[in-house]
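K.L.:
Take 1 as the starting number for the sequence shown in this note's numbering and just add one per residue.
Worth flagging that the hints you see were computed from the coordinates, not collected in a lab. Keep in mind that the hints are not guaranteed to be accurate.
As the list claims (entries may be wrong) - With a straight-line Cα cutoff of 30 angstroms, these simulated DSSO-like cross-link-like pairs (lysine-lysine) come out:
no., residue 1, residue 2
1, 662, 502
2, 155, 127
3, 495, 155
4, 245, 495
5, 495, 244
6, 207, 186
7, 221, 485
8, 606, 671
9, 502, 155
10, 227, 186
11, 485, 502
12, 329, 316
13, 245, 502
14, 495, 316
15, 116, 671
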Amino acid sequence: MLTRILRSVCKVIFRVTVHGLEHVPEHNRLLIVANHESFLDGLLLGLFLPKRATFVVHTGVLKNRIFRQFLRLTPYLAVDPTSPLAMKQVIRRLDLGENVVIFPEGRITLTGNLMKVYDGPGFVAAKTGARILPVRVEGAAQSYFGRLSDAHPRKLFPRVTLTVLPSTEIVIEDPSNHPPLTARQKRRIAGEGMRGVMQTMLFQAQKSRTFFEAFLDTIDKFGSRTKIIEDMNGVEETYQMLLKKSLALGRIACKVSEPREAVGVLMPNVTNTLALILGMSAFNRIPAMLNYTSGTAGMQNACIAANVKTIITSRKFIEAASLEEVVSKFTDLRIVYLEDLRGEFGVRDRAWLMGYALHYPRAAMEYAKPEDIAVILFTSGSEGKPKGVVHSHKSVLANIAQTLAILDFNPTDKFMMVLPMFHAFGFTGSLLPILNGIKILVFPSPLQYKVIPEVIYDKGCTVLFATSTFLSNYAKFAHPYDFYKLRFVVAGAEKLNEEVRKTYHEKFGIRILEGYGTTECAPVLSANTPMANRHGSVGQLLPGIAHKLEPIPGIADGGVLLVKGENVMLGYYTFEAPAVLAPPEDGWYNTGDVVEMDAEGFIFIKGRVKRFAKVAGEMVSLEVVEKIAHTAAPEHQHAASTQYDMQRGENIVLFTTDPALKREDLQIVAKNLGSPELAIARKIVQLEEIPLLGTGKTDYVTLKQMAEAA
Numbered sequence: 001m002l003t004r005i006l007r008s009v010c011k012v013i014f015r016v017t018v019h020g021l022e023h024v025p026e027h028n029r030l031l032i033v034a035n036h037e038s039f040l041d042g043l044l045l046g047l048f049l050p051k052r053a054t055f056v057v058h059t060g061v062l063k064n065r066i067f068r069q070f071l072r073l074t075p076y077l078a079v080d081p082t083s084p085l086a087m088k089q090v091i092r093r094l095d096l097g098e099n100v101v102i103f104p105e106g107r108i109t110l111t112g113n114l115m116k117v118y119d120g121p122g123f124v125a126a127k128t129g130a131r132i133l134p135v136r137v138e139g140a141a142q143s144y145f146g147r148l149s150d151a152h153p154r155k156l157f158p159r160v161t162l163t164v165l166p167s168t169e170i171v172i173e174d175p176s177n178h179p180p181l182t183a184r185q186k187r188r189i190a191g192e193g194m195r196g197v198m199q200t201m202l203f204q205a206q207k208s209r210t211f212f213e214a215f216l217d218t219i220d221k222f223g224s225r226t227k228i229i230e231d232m233n234g235v236e237e238t239y240q241m242l243l244k245k246s247l248a249l250g251r252i253a254c255k256v257s258e259p260r261e262a263v264g265v266l267m268p269n270v271t272n273t274l275a276l277i278l279g280m281s282a283f284n285r286i287p288a289m290l291n292y293t294s295g296t297a298g299m300q301n302a303c304i305a306a307n308v309k310t311i312i313t314s315r316k317f318i319e320a321a322s323l324e325e326v327v328s329k330f331t332d333l334r335i336v337y338l339e340d341l342r343g344e345f346g347v348r349d350r351a352w353l354m355g356y357a358l359h360y361p362r363a364a365m366e367y368a369k370p371e372d373i374a375v376i377l378f379t380s381g382s383e384g385k386p387k388g389v390v391h392s393h394k395s396v397l398a399n400i401a402q403t404l405a406i407l408d409f410n411p412t413d414k415f416m417m418v419l420p421m422f423h424a425f426g427f428t429g430s431l432l433p434i435l436n437g438i439k440i441l442v443f444p445s446p447l448q449y450k451v452i453p454e455v456i457y458d459k460g461c462t463v464l465f466a467t468s469t470f471l472s473n474y475a476k477f478a479h480p481y482d483f484y485k486l487r488f489v490v491a492g493a494e495k496l497n498e499e500v501r502k503t504y505h506e507k508f509g510i511r512i513l514e515g516y517g518t519t520e521c522a523p524v525l526s527a528n529t530p531m532a533n534r535h536g537s538v539g540q541l542l543p544g545i546a547h548k549l550e551p552i553p554g555i556a557d558g559g560v561l562l563v564k565g566e567n568v569m570l571g572y573y574t575f576e577a578p579a580v581l582a583p584p585e586d587g588w589y590n591t592g593d594v595v596e597m598d599a600e601g602f603i604f605i606k607g608r609v610k611r612f613a614k615v616a617g618e619m620v621s622l623e624v625v626e627k628i629a630h631t632a633a634p635e636h637q638h639a640a641s642t643q644y645d646m647q648r649g650e651n652i653v654l655f656t657t658d659p660a661l662k663r664e665d666l667q668i669v670a671k672n673l674g675s676p677e678l679a680i681a682r683k684i685v686q687l688e689e690i691p692l693l694g695t696g697k698t699d700y701v702t703l704k705q706m707a708e709a710a
């Protein structure tokens, strides 16, 4: 009777909803695991799960008299997670056929995200062979029974959702060609397995929605008066101000486009760009993010691929970036300027905005499905003409959820976004904080090497996404104290230079977290984290991503990485077949990257398939060629390409900014590294600087042309 009364009370005051009850197995002997948001979690699971279970509780909870009374409603087992004998009692209960509920984190979250996962619960699952039933608790952390800081929104009676995911298991197999695993190794592997289960649970429990719906949900959660975004105009805007801009700019975009039309966006990193993207999402327009550093031909080719007829830009930006000549050479494209369109936002539009849309945005927006096209990004063109990479709302939001499952970004953070929004890393990296109540400062150009460290210091930024090249240049001009607040420095888009890693560790006391991704995967595929980091790797695959390796003749170890998951693109638009979607075959995207994976799933990139030279019949990685050069002259920039050779097939050409670098230097380093003789460049060409794309990547198309002419 008391249980029924409490269940009814919780349904009313916390509006508890339960999803996924169909995933609860009929049999018992289940290890039910959940994230730990508040002191209410055990009560909620006991009241709303259809299985009677023994709850494993921390001995510290028993000190609280109120919760001792709640524990009288259900069987419980008090354990000390630091005790090596604690899990034996849990194993005994499971062996008796009972269900057991445990919180693998061992404590209530202080960040709103997953915290440290203890090895014990994973070891229990592996030892007993019990099925693991993951349950996602969401919303309870906002109550006053949680332990979040004041930076997080708190409510007296927040809405709580319980999501039951399909059951799984942890199996540990002894390696066939190695000695049997020790008990300690098995415990650690099981702990890693449980961490993976918890991360996958957080990702899979995400709500399916569009960009604009996610934006409105975030406003509901964090409040319209919360300050969220700032650009170099110096104004920190609230969610309410950003919503107003989004609705207005979305309405303006509707005046120059049709529903589901791809519209070019030629804008810098400013608040209005994010507002325009969200506004277009609200009214079913598709932003095609143009790379303004790619020149007339690059942007024209991108527009042809995506069938873009209209480009929205800003006259102020065009003048500031000196793009007048570039824009004047566009053909068959309509260029519209926001400054001009604002004049068309008349009295009726203002009445609609202030009297209706701002108060009822969900009613004002146009219906769209999460699977619909949300954005078109473009490949960098580092290997040819840019292709349109078509992403849905679902794929981008899935990648954000995957990233948040492994990295504890939270409302106490402040992002410094220097990567342009036409870059996949910059696009998703800008939406992530906006859609999760995290402040963001958008900066117009990553090339302001002297200014950016000072801005990071002045604004107290805690998260920085950048490429290795940009990080290297920031370090040259930064004071050792400029980065004192940075919690996360994440490097992607190109291989992290070892000297850059070393500089940040020694000068700033920062461990750079190297990640890996592609535009086609929205973009993050893997990342090192504070809890799972391996030197030289790009981390483990994000939860929810399946993979396979295809062998390559001539390459003994590893293979080409293929991936599949919700974050993978809908398909390509190409110059040769404009606006004709070419989806990945059976959902599998071929990254074109040759990788090795160790036993724990850490990825080591050997190079791109296209960046292997065939010299005298042998496959040689150009990444290895560059590594030799970087080791020989770490203070300089280097890039390798190939030229045709009638006798050898291909020759390797090394471009370097070091005027003193000689082939003899490379031979000495190659010998020390154990690299083959064929990996030593045949020719060395000195340059004042290595050509770069606007994304910070090396421009290998230009270098290939230079190599053939060398």
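K.L.:
Please go over all the hints and tell whether each is borne out by the structure.
P.N.:
Hints, verified against the model:
no. : hint         : verdict
1   : 662 with 502 : holds, 25 angstroms
2   : 155 with 127 : violated, 41 angstroms
3   : 495 with 155 : violated, 44 angstroms
4   : 245 with 495 : violated, 38 angstroms
5   : 495 with 244 : violated, 40 angstroms
6   : 207 with 186 : violated, 35 angstroms
7   : 221 with 485 : holds, 26 angstroms
8   : 606 with 671 : holds, 19 angstroms
9   : 502 with 155 : violated, 44 angstroms
10  : 227 with 186 : violated, 47 angstroms
11  : 485 with 502 : holds, 19 angstroms
12  : 329 with 316 : holds, 18 angstroms
13  : 245 with 502 : violated, 43 angstroms
14  : 495 with 316 : violated, 35 angstroms
15  : 116 with 671 : violated, 42 angstroms
Of the numbered hints given earlier, the model fails hints 2, 3, 4, 5, 6, 9, 10, 13, 14 and 15; all others are met.
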